[in-house]
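S.K.: So the chains spell out like this:
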Amino acid sequence: MNPVWRKRALLGLPLLAAGGAGLGFLAMLRGLSTGNYNPHGVPSALLGKAPPEFTLPALAGSPQPAFGSAELRGLGRPVLVNFFASWCVPCIIEHPQLMALQRAGVPVFGVAYKDKAADALAFLARRGNPFQALAADEPGRVAIDWGVYGVPESYLLDRQGIIRWRWAGPITEDTMSAELQPLLRRYSA
Amino acid sequence: MRRLLLLAALLLAGPALALDPAEQLRDPGQEERARAIGRELRCLVCQNQSIEDSDADLARDLRRIVREQVVAGRGDAEVMDFLYARYGDFVLLRPRLSAATVLLWATPVLALGAGLLLVLAMRRRAGVAAGPQPLSPEEQARLARLERAP
Amino acid sequence: MIPEIGQFALGLALVLALALAGFGLLGAQRAEARLMALAPPLALGMLLAVLASFLCLVASFVENDTTVSTVVANSHSLKPLLYKISGTWGNHEGSMLLWVLILALCAGAVAGFGRNLPSALQARVLAVLGLVALGFLAFILATSNPFRRVWPPAPDGLGLNPVLQDPGLAFHPPLLYLGYVGFAVTFAFAVAALLEGRVDAAWGRWVRPWALAAWSFLTLGIGLGSWWAYYELGWGGYWFWDPVENASLLPWLAGCALLHSAIVVEKREALKTWTVFLALLAFALSLLGTFLVRSGVLNSVHAFASDPGRGVFILALLMFYVGGGFALFAWRAQAMTPMGVFAAVSREGALVLNNLLLCSVAAVVLVGTLYPLFADLVLGQKISVGAPFFNTATLPLAAPLIGAMALGPLLAWKRARVFPALQKLWWVALGALLAFLLCLLLAGARIGPALGFAAATWLIWGATADIAERIALFSRPRTAWARAKGLPRAAWGGALGHAGLGVTILGLAGMGLAEDKLALLKPGESAVLGGYEYRLESIADAQGANFSARRAVVQVLRNGQPVVRMEPEKRSFPLARMTTSEAAIHSTPLRDLYVVLGDEREGAVVLRIHNNPLAPWIWLGAGIMALGGGLSLSDRRTRVAAPAPKAQGVRA
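Chains as they are written, first to last, in our numbering: chain L, 9 to 197; chain H, 101 to 250; chain Z, 1355 to 2006.
Among these hints, one or two may not hold up.
[To be verified] Sample of chain L residues facing chain Z (criterion: CB under 7 Å; computed from the structure):
id, residue
1, Leu23
2, Gly30
3, Ala35
4, Met36
5, Leu40
6, Pro51
7, Tyr195
Since the hints were derived computationally from the structure, they do not count as laboratory data. Being a predicted model, the structure only gives us computed values, none of them experimental. Heads up, the beta-carbon is just placed ideally off N, CA and C, and yes, glycines get one too.
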């Protein structure tokens, strides 16, 4: 190669690096608007695994039974485990979707996270109770075993009881149609 | 975007500056160890702060877990593994060496190496450019004249 | 009316920037004196137009014009005047306008003070600055118009984020922007040099003052930001290796390398290609920071509210300027031939080592900052790269850098010998060793802080040794004073800059010994930390301009003698529905006493008490570094050839 061009190739390295970074940033920006790239999301470390071993007490004064890891095994159908709290504003936004799931016959297991039993019951009395079983995690330790970092947070378990999907933040109607419904169909089959 | 706002609202709703004196361990050596571990762990909800530097509820819970395990006599690696199993790579502020992070950890060596190569190449080129040049015809003629002169 | 005038002025500035870029480049290309002569007046016109626009925005904030959406979103009638004014740039739109204003000020300075520049070079530099201004003015007008009206007018503004309502933060962005934008001038000089195909000693002399000024302002800006984090965030932390902090550190590192390599260009006509590259790089990294902060790709506390649309626009600008600059570099820089050849052991050699290490540190910070983004994008893996990584990965590079910093200035140009220089430093090395051992002895086997004290001693005494050597203090003490007066200010500035870093490291080492304690106290009770007794006297309500607060009164005693009364607060801002904590800090040369007020329960309050040895020196050191830069800038030799050392007057 001609020495001038060899020199140009070396001097062109910064341009190459800048161009590569630029393309990367463009992909990130596109991903931001389509939702494929989210700098704030934290993936679950439990995907593809069984939930951690735990037992939780029932929510005091609630007719619903409590549940632990034993109750999540061998149900033979996909279930949703939902961590919520009465003090959590996004949980209110999510609630109608949980009610819809219950009406559709999907078992939803609820965990009241760092909540007083009376407050949680009042919350459910006012907005409806979508839960088949309801446990209380007032210290919030079991939630940490699940890798929960904020409420609401939901986990989808397949028929074998393996965690297949985790959603941090409220399940909106968009989330239902774009993510949860297709997954439910896939894991019900 | 809306979810982000909601998340922000959720975070702000928590009590500001929830400090609990009971949190600190009585044994200064154990407390020091717990802090060293805590500084390696990311507070997941507060972006780029370690759990030792954050007021968030979750950070406080994680601090407590770290301290319980330190008191229970677990080793540093065991405590980190405990949280790693729950929150994955994201919780570690010092990424573990893996196929995905090997470039990151190699950066200091790569940068220094590439710089050294560049300096060596520059010196060689500059050395060639400034090395002894053959005499020009005028200079040769002048040299010959000087040599002939008695 | 005022917002419309502001908008009009902004449009006018855009037209002037376009004319400046077009006529300047064309005139220089065709060597037409008449076209080139248009550049300075156009640059001044652009400055006036942007200034008018900026003042209109300030006026809208001061009179709380609630028909302007930026005002509504970021201000409030009850806010103190200072924060109404600083609120002008406490938001995305206004801060972009400030950015362009500072760019226009720099262009104005090159136009006004650069009369001794060759006219083609001046025209090209101004044209490139006009081109940069053009892009950002278009960005403001297209996506972030600060003068957008809302109708009907809102009853009042929504208030400024209370965390940002702070004097330190009022001046942090302008200083940072002075730094970032200052590198736009070195960028313009680099592009002009590439267009002309010539880099010589004179070019080095013109670029260096700009690099110095930009670097000094950036030092102040970063220092102020770090100080703000220390006293406002209430955790005693001062540097988090947050991506946004790193984004300001990167141009600082590149700028630091630039102002050292420009010395080599000036004195020895070597390292020319490299210096041009650094001049391009410093601005590229400044723009990268702007992009990262404003595009929303980052996971950071400091980031502005994000908008991918704006992100794409800034990315396009970034790629145009950076890509254009580097493309020109790839094409034209091969023609620059090195002139001088030098030995490895020489002043030039030491400066090359400085550049090598500084750029390696910059590479680590850059890769560490961007790695999580690209790991997520390319590998789909979420990883965190935080303080432990940066500390581990930069320390091995910073240590030899600090080692060489004291040695370098003692080496002669062209060819030097290490041992004579080391001989002059033996007492410095002894001092560093002593500091190391003393710290180990007193602080009980803590290697990190001890190494920090050693490094600080090495740097501060090394700088002293440098000056002592230059004025021959020990060999001919009688005439030393006369020589000290005759010593060029650049020599003093360099020594001061190096010593300033030593002072900062002294503070960092001290903070390595910091301790803190949580205490639950009832009035009358006290807690003890680091030999000080903190007695809670009372806790009561207090009222501020737009917040209400709980305020504790803490009496600090040492050996039973009162030292100071401290009043930490917890403020709640009803409008922003936020609470902030105001730490009470008592600074002394030896330590900061730092008290944070926490929750109250059953008549008792939680206090977090910090004892931070030597903490104030961290930021004092940054001030000393900037002062060193300023002193070098005021050197007669810099001033004679420089386009505009007085351009630092933009501070006003």
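S.K.: Can you give the numbers of the hints that this structure goes against, from lowest to highest?
M.R.: 7
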